[in-house]
Amino acid sequence: MANIAKIDREDTSPIQRGIREALFAGVISFGLFFLFIGLKTDQNISNELILVQRWGLLAIVVALVMAGRFTMVAFVRPMIDRRNAEKAKLPPVAEEAGFFRKNFSKIAILVLFIYPVLMVLLFGFQGSLKWVDNFGIQILIYVMLAWGLNIVVGLAGLLDLGYVAFYAVGAYAYALLATHLGWSFWILLPVAGIMAAFWGVILGFPVLRLRGDYLAIVTLAFGEIIRLVLINWREVTNGAAGISGIPKISFFGLVSFNVSDPNYIAKVLGIAQSGAYYKIFLYYLILLLALLTAFVTIRLRRMPVGRAWEALREDEIACRSLGINTTTTKLTAFATGAMFGGFAGSFFAARQGFVSPESFVFLESAIILAIVVLGGMGSLVGIAVAAALMIGGTEILREMEFLKHVFGQDFTPELYRMLLFGMAMVIVMLWKPRGFVGSREPTAFLHKRKAVSSAFTKEGHG
Amino acid sequence: MQYFVQQMVNGLTLGSIYGLIAIGYTMVYGIIGMINFAHGDIFMLGAFAALIVFLILTAMFTSVPVVVALLLMMVVAMAMTSLYNWTIEKVAYRPLRGSFRLAPLITAIGMSIALSNFVQVTQGPRNKPIPPMVSTVYNVNGISVSLKQIIIVIVTVLLLALFWYLVNKTSLGRAQRACEQDRKMAALLGIDVDRTISITFIMGAALAAVAGTLFLMYYGVVAFSDGFVPGVKAFTAAVLGGIGSLPGAMLGGLMIGFIESMWSAYFSIDYKDVAAFSILAIVLIFLPSGILGRPEVEKV
Chain X
1 MANIAKIDRE
11 DTSPIQRGIR
21 EALFAGVISF
31 GLFFLFIGLK
41 TDQNISNELI
51 LVQRWGLLAI
61 VVALVMAGRF
71 TMVAFVRPMI
81 DRRNAEKAKL
91 PPVAEEAGFF
101 RKNFSKIAIL
111 VLFIYPVLMV
121 LLFGFQGSLK
131 WVDNFGIQIL
141 IYVMLAWGLN
151 IVVGLAGLLD
161 LGYVAFYAVG
171 AYAYALLATH
181 LGWSFWILLP
191 VAGIMAAFWG
201 VILGFPVLRL
211 RGDYLAIVTL
221 AFGEIIRLVL
231 INWREVTNGA
241 AGISGIPKIS
251 FFGLVSFNVS
261 DPNYIAKVLG
271 IAQSGAYYKI
281 FLYYLILLLA
291 LLTAFVTIRL
301 RRMPVGRAWE
311 ALREDEIACR
321 SLGINTTTTK
331 LTAFATGAMF
341 GGFAGSFFAA
351 RQGFVSPESF
361 VFLESAIILA
371 IVVLGGMGSL
381 VGIAVAAALM
391 IGGTEILREM
401 EFLKHVFGQD
411 FTPELYRMLL
421 FGMAMVIVML
431 WKPRGFVGSR
441 EPTAFLHKRK
451 AVSSAFTKEG
461 HG
Chain F
463 MQYFVQQMVN
473 GLTLGSIYGL
483 IAIGYTMVYG
493 IIGMINFAHG
503 DIFMLGAFAA
513 LIVFLILTAM
523 FTSVPVVVAL
533 LLMMVVAMAM
543 TSLYNWTIEK
553 VAYRPLRGSF
563 RLAPLITAIG
573 MSIALSNFVQ
583 VTQGPRNKPI
593 PPMVSTVYNV
603 NGISVSLKQI
613 IIVIVTVLLL
623 ALFWYLVNKT
633 SLGRAQRACE
643 QDRKMAALLG
653 IDVDRTISIT
663 FIMGAALAAV
673 AGTLFLMYYG
683 VVAFSDGFVP
693 GVKAFTAAVL
703 GGIGSLPGAM
713 LGGLMIGFIE
723 SMWSAYFSID
733 YKDVAAFSIL
743 AIVLIFLPSG
753 ILGRPEVEKV
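Which chain is which? The protein sequence lines are X and F, in order. For the first sequence, the working numbering gives the first residue as 1, with consecutive numbering after it. For the second sequence, the working numbering gives the first residue as 463, with consecutive numbering after it.
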């Protein structure tokens, strides 16, 4: 409620203003929550809906909102104003980036490579499972997806709300071909990528003429169409029940992770059986795949096609008048982005061992797009940080068992996961509308490469 | 023939509900150029508010006339969703006005996730069924028309008439149309742009609340996740009709309603949404700015 009070009289102290605004916020939140928190619809024994009254909870929530608003207006905002005023007085100093900031990406990659080793040392093989799988692999899948979508949205400026469709194509390509034909992951990985890229082109063709929000809705519709076909084409996809028993990935056929195989890793290396080896192997695999995405993105940006994408994002008409073929430029962007989505999808299918249309709902597309925008479009480091914070943050909520001791036994933190996720999206966007990394490395430059504020780069209307 | 007319009736009912939601999308888009993704969840909130009012009424009185109950449900739902949309606009969208285009879209998606999960947390994840409110069915030449459908169509027509009057004949509507054309110029001419935008959000929310109430009355059940699918379809309808155009939104809504009921009647009910989305894609290939939308002028 940032702008509610327009009357900013000089003579009122922050405390007075705080009280006034807190009362106002209290009235509003009472109105908002009166029906939804004060009353709860519940089923009684004969399955009829009845209302349960919860006025105490309503009072607590309203009081919390008022207290929050009061601290915000009376203490936090004057403090920020004061700090800004002090900053404005000082002469601007060119900030010298420290060693850590300068080498952030190198340090981050190093940390990512030693992360599973650290976890194994700290928690043992069995204890590390959770940390490597739920946090490491989960976050890295989203990092890879977001980096793939970044090619379409961040570089080419084409707003795609149905990216999860390509993820689904990759996952189903692997799931179907591996279960029916028994092909190995290493053959199917490129196959899944090519198929996803092919679908990217199929989506790309009809939307070539569309711009902005029309493009957004058609991509959204495309994502939904793919999901609905997956649900309803039962003969092939097994419908909503999904495909299970998808084979595991082997280490290039040399070492297998199936306990029954003769070349099972524990037998080959002569160590104790554990599920953790497979997870650690998967971790390194997705890390390498994600780094491949980043590497390709960085290299493509320096190639004519990458520069054409960025030119397209900045100004389509100028692009066309300079002789760039916008058709192929858009199609390559869709195809390349989709290909990485397909890679991630086939990895996802192999990791889960099970795919169903449930995993490819619009919410996933929205989360991936949110990560790209929250990270700062076009900035690979920012996107990775955003993925780690948003996905890791919601995963951590699952671990908060101690909250049960505070709020009682029937308190389930998971329930609040998506609520907090949605609110975090709003708050981060309000706090940093340009994303975590608000500056860009220009692709083309005169004499010296200098980061520019992302306010100067366009988001594209293609 | 009878079967066909029957499907027309069903399509008209469905289309009216989509149209009412679509107007909210298209108005907000017209005035600030933003896809209000949370609008579908505003619709769901409206349905829930109506449900709670219905439960309060049945708990307090033994019998309430249906007209009174429906009116009360609608009015309370409209007030609730208006308050929600007004607050959301102030908190989440206004600070980002003038920021780059994707920022408000992301906050809107975040709001949509937050709202539906807020209802899940506070009201529980189950479906909420209510006993049928209106069950009269008329039979005209072998075509069955239920009173529910008649109510839906009449309420929609009345609201559209009121709405048309507001937008075309009052100073408020003039201010809205002025803001739509050129916000800066409108501000220079003394229009309170912020207030106009707030009122636009309130109007959109009120129409969505009516749609929510009608939805609850028609299907007799609502769940926290019910905002997404009608929301996406209404948005599809708005784009199909040409986003920013009010008659277009209603036309698009009716078209989506007809496509859905015809497809499920003659082809397969499983693929009705696929049909609706495919037709959207096909229409947009040939008419890139929708049926009644103004073609975008490319400025160099």
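Be a bit skeptical, because a hint or two may be false.
Which chain F residues stay away from chain X? Per the calculated CB distances, all over 10 Å, these [claimed, not checked]: (1) L545; (2) F580; (3) A727.
Taking lysine to any residue and the SDA-like style, the derived pairs with C-alpha atoms no more than 20 Å apart in a straight line are [claimed, not checked]: (4) K432(X) with M522(F); (5) K40(X) with S687(F); (6) K552(F) with F113(X); (7) K130(X) with F104(X); (8) K734(F) with K552(F); (9) K552(F) with M423(X); (10) K40(X) with K552(F).
Since the hints were made in silico from the structure, they are not lab data. Please read all numbers here as calculations on a predicted model, not as lab measurements. All C-beta atoms, glycine included, are put in the ideal place defined by N, C-alpha and C.
Hint check:
1. At roughly 5 Å, the least C-beta separation between L545(F) and chain X is not larger than 10 Å, which violates its mark as non-interface.
2. The beta carbon of F580(F) sits about 6 Å from the closest Cβ of chain X, which is not more than 10 Å, so the claim that it is off the interface is violated.
3. With a least CB separation of 17 Å from chain X, A727(F) remains clear of the 10 Å interface cut-off, as annotated.
4. Distance restraint check for K432(X) and M522(F): the Cα-Cα separation of roughly 49 Å exceeds the 20 Å cut-off, and the hinted pair is therefore not satisfied.
5. With a C-alpha separation of about 17 Å, the suggested pairing of K40(X) with S687(F) holds against the 20 Å cut-off.
6. For the hint pairing K552(F) with F113(X), the CA-to-CA distance comes to about 44 Å; that exceeds 20 Å, so the pair is violated.
7. Proposed proximity of K130(X) and F104(X) is contradicted: the alpha carbons are some 26 Å apart, above 20 Å.
8. Our distance criterion of 20 Å between C-alpha atoms is broken by K734(F) and K552(F), whose separation comes to about 37 Å.
9. At roughly 15 Å between alpha-carbon atoms, K552(F) and M423(X) fall within 20 Å of each other, so this suggested pair holds.
10. Annotation: proposed proximity of K40(X) to K552(F) is violated, straight-line Cα distance about 27 Å (limit 20 Å).
In summary, the structure is inconsistent with hints 1, 2, 4, 6, 7, 8 and 10 from the numbered list given earlier, while agreeing with the others.
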